[in-house]
Amino acid sequence: MTDGDRLEGLRAAVELSPDNHALRLVLAESLREAGETGDALTEFERVLDAGALPRDEAIQVGTDAAHAGRLQLAARCLELARNSGVIGGTAGLEDLLTALLADSGAVRRIDGPEPDDSVTRRVSVAEEARTFADVGGLDDVKQAIHRTIVLPYQRPDLFEHYGRRAGGGVLLFGPPGCGKTLLARATAGECGAPFLNLRIEDVLAPYFGVSEQRLHQGFDEARASAPCVLFLDEIDTLAYARRNQRGAGVGRAMVDQLLQELDAIGADNRGLLVLGATNVPWDVDDALQRPGRFDRVVFVPPPDTEARRRVLEIALRDRPSVGIDLDALAERTPMFSGADLCAVIERAVDAAIDEALTSGHEVPITQRHIEVAMRSARATTLDWLRTARNYTEFANEGGRYDEVRAYLDQREMRKLLRR
Amino acid sequence: MSSLQLAAHLLNVGRPEDALRELQRLGPDEAGSVNALCLRGYAHLNTGSLDAAVHDARAGLQAAPDDIELHYLLSITETQRGDLAAAEAAILAALGYAADDAELLAQYSRVLMRGGQLEKAGRVLAAAGASDPRSQEVLRCRIDLAYLRGDTAEAEGLTHLLLADDAESVRGHQMLGVLALERGDLPVAETRLGEAVRLDPVHDEVADSARAAQILQRPYYWPVRFFDRFGAAQTWVVAICLILGLRAAGLTVAAGILGLTWMIVCAWSWAAGSRLEHQLR
Ligand SMILES: Nc1ncnc2c1ncn2[C@@H]1O[C@H](COP(=O)(O)OP(=O)(O)OP(=O)(O)O)[C@@H](O)[C@H]1O
Ligand SMILES: [Mg+2]
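Protein chains in written order, with our numbering: chain W, 1 to 419; chain P, 1001 to 1281.
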C-alpha cells in the first residue's frame, strides 16, 4: 500500500463519517507526514473547530500554520495551548506570531475573512421565535422600537416618501435585568430583517490590533447583509468612556474603531441599523452620543405591574403550584426587575423543596412559600435609578434624557427613591 | 479568546462582577495561577469584598512571593480595610523589589496619610515625584496631602495642574467643588461638582452637594448663606452682644428692633434649612 493509497483511503473514510474526529486527526497527521501541509492544516483546523485537537498537538500545528501564513489558525492554536496549560513551546510560538504580525506591516489585516469564521452571530428568527408578545408590558418602549426600527424595514416606501432612511443608531438603556436583551431579541423576531449579534467575546483578541480588525469585520458582515440590524449588547464593554480607562488596554483603540464604523468612514452604512444596549450609559464614551451615531435613545424602565405579572407567570410555568395570587404579588413588587422576580420564585421553590424533604412527600409551591421568599426580597433597580437621576440631572445635553427625567420625577418614584 | 483575557477586559471597563463570573469559568489549574488570582483580587476589591481580595492576594503571594503587583494589591486592600500595619508591610515588601517606582511610593504615601503621618507622606511623595515627575497618581496624592494639611491654596493650584493634564478627572473637579463650597463660592461649586457627577454619577453624596450648591444660590436661602459665611456661633455672639450693648446704652427701641429682626432671621434660616433638606431627599 503506497502512501498515496493510504491517504486516499483515509480521505474516503473521513468523508463517510465526517464527525469522527479521531479519524480526521489521523488523516491530518498523515497529510503532514506526506508534506501536504496546506491540506493538513485545513484538516487540523476542522478538528480544532470540533474542540477535539489534543493539547500536545497545539504547538506543532500552530507553528506550521504560522509558517504557512495562516495566522488566525496559529493564534487559535496558541490560545488552546495557553488555555490547556501547555508550557513547552508556547512562548516560542507567541514570539513567532508576534514577529510575523509585525512583519506584515499593518497588523490590521491578518487573514482574509473566512466564510465560516464570521464574527457576528446571525440570530435566526425561527430559532429565536420571540416577538413583542413574549415581552410583558413596556408598551411605550415597544412602540418606540416599532417606529424607529421595525417600521423602516417593513415600509421603506413610507419612509422614502418622507425623506427618511432606514438605519442609524438606537441605544436601549435601563437598569439591569429589565428586558433590554429580551426586547432586542424580540425585535429580531418582529422586523423580519436579518439580525446580527456582535458580542465583546467575539471581538476581543489576544493580539494587538486584532480586536479592532474583528470589529471592522463584524460591521462589514452586517453591511453585506443590509438592510439588517446589528445588535451590540452591553455596548459599554466595547466603547467604555476613555476617561475611566486604566492603562492602555484594548479600550481606546476599540472605541476609535467603533466610531469609524458608525461614521461609515470608507464604507456605506445605508440600511444598517445599529442597536446598542447598556445598563451603564454614563460609562459609554461621550463621542458615541454625537449626532449621526447613537442619536436616538430608548429608556427601558423597570417592568410595570403587567410586565411583572407576565415575568412571574413565565417563571412559574412548568412548575407545580397552587393558589398563588400573581396579581397581588405583581402589585406588591414595584421596581422589582425581571431578574429580581425570578429570584423570588427561585427562593419559593427552594422553600417548597425544603418542605418536601422534611415532610417526606412532594408539595406544590404555594402562597406560603412565596411569603417566605418575599421576606428577603428587594428591588435591585433602586440604586440604579438613583444613579440615573444623578446622571440625567447633570448630563442632559440637548434634552437627550428628558424622558427618563420625567419618569424619575413622578411623585411615586420620588417617594420610592427617597433614602 | 480566553476567559482570563475577557475577565481582564471586563475589570478594565468597570464590570468587576462580570469579571468574577468569567473567572469562575476557569479550570482549576488556571484559576490557581498568579495571573488569575491577581485579577480576582482586583475584582473583589472593586466589588468591595475586601476580605476576599486579601485572601486572593495572599494566596497569589504564596506561589509568587516576589510579585510586585500582588503586594501592591494587598496594600491597597489593607488600607481600605483599615489595617494600616499590614498595608505598610505589603507596600514596603513591594518597594523592596522596586524602590523607585512612583506608583508604589504614591501608595506608600496613602498609607501614611491614612495614619496621619503627613510629614513622612510628604517626604515619600517628594521621592515619588523625583522618580516620575509626570505621574498623575503622584499628583493626586499631593493634592490630597495639601488638603489634609489645610493648605487649600496649594491643593487648588495642584488640582488645576491635574485638570490641565486630564480635563475629565473626576477627582479634580470634585476637589475644586469642595474647595469652592468651603469658601462659599456657590456658582463655582455648582459647576465643578456638577461636572464630577456627570463624569461619575454613582456617588449620591457628591450629587447632593452639587444640588445643595445650586439650591442655596436662590434668594430665599440668604440666611443660610449668611450663617455659613460667618459661622453660626460667631454671628450669635455678635448679635447678642450688640443687642445687650444697645440696651445698656439706653437705646431700648433700637435693641428691640434688632432683637426682633434677629429672631426673624433665625426663624427664616431654620425654615430654609429644613426646606433644603426636604428638597435634597
Ligand atoms: N418585560 C419583561 N417581560 C418578560 N420577561 C422579562 C421582562 N423583563 C425582564 N424579563 C426577564 O428578566 C430576565 C432578564 O432580562 P434581560 O436579560 O433582558 O435584562 P437586561 O435588561 O438585558 O439586563 P442587563 O442590563 O443586566 O443585561 C430575562 O430572562 C427575562 O425573562
Ligand atoms: Mg442584557
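These are calculated hints, taken from the structure and not from any lab test.
Treat the numbers as computed from the prediction; the structure is a model and nothing was measured.
Keep in mind that a hint or two might mislead.
As the list claims (entries may be wrong) - Partial pick of chain W residues on the chain P-facing surface, computed with a CB cut under 8 Å:
hint	residue
1	Pro18
2	His21
3	Leu23
Unchecked claim - If you want the ones that stay clear, here's a sample from chain P, every Cβ over 10 Å from chain W, calculated:
hint	residue
4	Arg1081
5	Gln1117
6	Ala1126
7	Gly1194
8	Ala1210
9	Tyr1221
10	Trp1222
Note that CB positions come from ideal geometry on N, CA and C, so glycine has one too.
| query | Which of the numbered hints above does this structure break? | reply | 1, 2, 3, 7 and 8
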